[in-house]
Amino acid sequence: MTLSCKIKRISWEWVINFENVVWEFNKTSNVPNSDTILMRNGTGKTTSLKLLQRLFTGQELSMQNGGEDDAGILKRCEYKGLRAVSAPEIDDSEMGTPRFSVTLDVNGEEYTLFYVFDEIFSTAKIHTQGPGEFYDYYKMPDEFTTAFEGNLEFSKLIFVDTQTAGLGMERFNKQVIDDLFMSLSNVKVLRSARTTSIPQIIEEVADKAKRSGSAKEMEAVTQQLKVVKRVKEKLETKLEKANGDLETAISDLKTTTEKIKILRGQSKLKIKYDKALKARNIAKQRVTNSTKDILVAIGDPQNLPESLWYPVKDYYALLADQRIPEAIAREYLGAVIEGGICICGEKISPKMDKCIHEKMEKSMGAGVLSEVHVLKDLVKKATPRADIKELKNLLEAEIDSLDTANTQLSALDSQLDSDSKDSLEELGGLKVTLGAQITKLNEDILMWSCSDDGTIKTNKKKWLGRSMKSGDKPAEGRGMIDDCKNLYWLEQIRKHLSKKKAKIAGIQALDRAGDVISAVFEHVEKLVLESLQSKLKMETDKHLSKYNMQNELRIHSMDQGIKMVDGSNRFVQSGGSTGEELSIIMSLVEAISSSIDLTVPMIIDNPTKGLGEDKLEGVENSLNSFNHQLILMIYDTERRLLPNYLTEGKTDPAVAFRESEEKGKRSPYVVRYGWDIFNSYTPKGSDRIEEVD
Amino acid sequence: MSEENVSETTGYFRFDDNAKAFVNKLKNNPDSANVGTQIEFYWLCAQLGLVAYSKDDSLPQAPPAGTEMTDDWAGETRKNQFLIRAFVMYRYLCGKGFEDIHADMADDIETAMDGFLQMTGTHLTLRGMKELDKFAQKGWDIIHDGGKGISRSNSLSLFLVKYVELLSEFEE
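Top to bottom, those sequences are chains A and Z.
Quick note on numbering: the numbering used here labels position 613 of the first sequence as 613, and the sequence is numbered without any gaps.
Quick note on numbering: the numbering used here labels position 51 of the second sequence as 51, and the sequence is numbered without any gaps.
The hints are simulated quantities; they were obtained by calculation from the structure and are not laboratory data.
This structure is a prediction, so every number in the text was calculated from the model and none was measured.
Backbone N, C-alpha and C fix where the C-beta goes; we use that ideal spot for every residue, glycine too.
No incorrect hints appear here.
The list that follows gives simulated cross-link-like pairs (lysine to any residue, SDA-like), each with its CA atoms no further than 25 angstroms apart:
#1 A:K208 <-> A:G477
#2 A:K270 <-> A:S418
#3 A:K462 <-> Z:G66
#4 A:K380 <-> Z:D100
#5 A:K254 <-> A:A436
#6 Z:K148 <-> A:N393
#7 A:K462 <-> A:E491
#8 A:K234 <-> A:G479
#9 A:K461 <-> Z:E68
#10 Z:K27 <-> A:D452
#11 A:K389 <-> Z:R152
#12 A:K362 <-> Z:E99
#13 Z:K96 <-> A:E361
Label pairs and their calculated CB-CB ranges:
#14 Z:A65 <-> A:E425: 44 to 52 angstroms
#15 A:S420 <-> Z:N154: 25 to 33 angstroms
#16 Z:N29 <-> A:D377: 35 to 43 angstroms
#17 A:N627 <-> Z:N29: 37 to 45 angstroms
#18 Z:N154 <-> A:K380: 36 to 44 angstroms
#19 A:Q415 <-> Z:A65: 54 to 62 angstroms
#20 Z:N28 <-> A:K380: 39 to 47 angstroms
#21 A:D387 <-> Z:N28: 30 to 38 angstroms
#22 Z:N29 <-> A:S420: 22 to 30 angstroms
#23 Z:N29 <-> A:K259: 18 to 26 angstroms
#24 Z:N154 <-> A:K259: 21 to 29 angstroms
#25 Z:T9 <-> A:K259: 51 to 59 angstroms
#26 A:D452 <-> Z:N28: 15 to 23 angstroms
This is chain A alone, in the form it adopts within the complex:
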């Protein structure tokens, strides 16, 4: 796949706070890959980012879609601007058609994607202007749609909302990364063929086939398959909603954490707070890392203290010495006497036959025999990989440090004035509630989407109910299927019922052919994905090395989402600071470009939001090291935070603002380019978007 994609223009028409505004990339200078747009806080940067994320993927918006996402975005898109104050400058009749668009250079040709909103902002339809034609739907070249269409997670990955950064690397979770690889490697079509098209064809043929089973049986299984379909749709809707809710909760949690930070930062104790918080965060991270370390070590029997494990080791050594088991496998003995003839060709006498049968009675199967040999061998080779007592002492010391840090923080909190104390208590309560909400959502998402056999069976009672029969067989009854809350198991039920239907219809041969083709597709998918994964891991690491990561952080693995490991190779982590996350995304984007010829833009909304000064340098380094198109959307106070990046020769600046902000005489939004306006612009008043009922 070859895709070179750059953003040329973004236009707002009667949406959010904007009347008719166009921003163009590289308008005034020739810094080839970087532009920065400044808008004051509350103007609509994040809403614009969310529109871009969805526009790239072809996702139309509708209030009917449910969940926070569409409804929340559409609400925020409703034009407020010059009619949003007590003395509005315009009335509704002066408004034009609300549209939001992005113009792209895709492999050298110009395409514009539009969101066209209806009058009440209840839907946003997509239109496309291609090089020669206009379409009233999403119509982009194949190279573009392969990467983006329906791939919101990829879009969110490169159009970064820093609100959700630094919180457990949600943006790098397994689903995001798997989907990304799926799109990039062009194997989505294989998956869709084996999970949707082939089963559909078989079911259609089964419906039309001359039946070998009864009409009643056919009707029953057809109804059962309908229940599977209904339950699947229900679970998929719930899953989608939960993912949206999770994103919102994570963002709210970050906002709450920030509010707590601001509250503490505004007090006279700021310096002490900064110090105590830093110490607490470091202590907490250490406790987490050491806990994970000791958990892994302790679960491995070879790490047990010598006096506890050595008796086992000695026992297996003794078994080996005594040559136990000395048995010959019963399968081998069976082969020896097959047909009364020894494998050497000699006829076996009745006496020999009796002897061999006696041996067979006592012997074990070849599999068990080899298992015992493997056990003996592994126990012999087992040596401690970690000293659990040392790890325990380390963890204990780190828990003490965390306790001390928490005590220091509480002591500072108690010195706040009573109003601040109350607010802090309220925010603390909210934080706990949001934390619990996130835990619950994660549990639900796991229940609906988990595909690990062991984990599913562990949670059999709650997740599968009566939909799994004894002996782990898929249930067939409609009420039983209704009990299923796991999509993977539901697919096993569907497969089982589909086989049954094929049998009743007498099309087993076609069904088996479908199985074979699906197995081939799955195998190809696996090989392609593994190869891409290993290539991208290597390339991402190569690029990551220039980003000056803390503790020499690098990619550990990508098969369970992106996991990082530090330079000592000891601490695997799936979370990171905002700076670390940006560096990883940038490295990944560069790796994708160099490995599979796919060059895409990146947009970062509020790159410094909520960052302490110690983290700013990391973000600035990341920005300076990135080589592809990069657009920053910042608010005024961020200007001073990235002095080594927001400077001539590094980026082209622009400001979107109202030239007159006097109440009743406000002028429409305009975009002005250049360092003079960028450095001198001071926002007055507020365009903060309020919720519109």
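With chain A held as given, fit chain Z onto it using these hints.
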């Protein structure tokens, strides 16, 4: 499926409901790290039970029907399953009177091994799984200690520190 496999059995590990509730308690504490899967905690209990058995040679009943957990290894136990089987089979054989072994016991030991291991699922027969269940129950009983044990810990970090201390108590 080979003829050998036909006779093999499938079953679920069973685990005390209170022990499962303990894992959920840790999971619901946002300030605590988590045990990856229930069976990883099950193994920590079983390991403690296997170690503690040397002191009193006693085993509780395995948990009753209705406490089924999983029929396969998952998480870290998948990686460590060979040594886990080796450990529990060692205790099982010793319990059968094969503590001091010599070659003329070979036939009987082999029969015991054959009834303990299989080649599918967890590679433990139902008997093997039940045996491990008993050790897990023993370990959990020590951890819980009638409500006074280390299961009162609210975070995994504290629990693990105390778990290592408990293990040390059984060192010779």
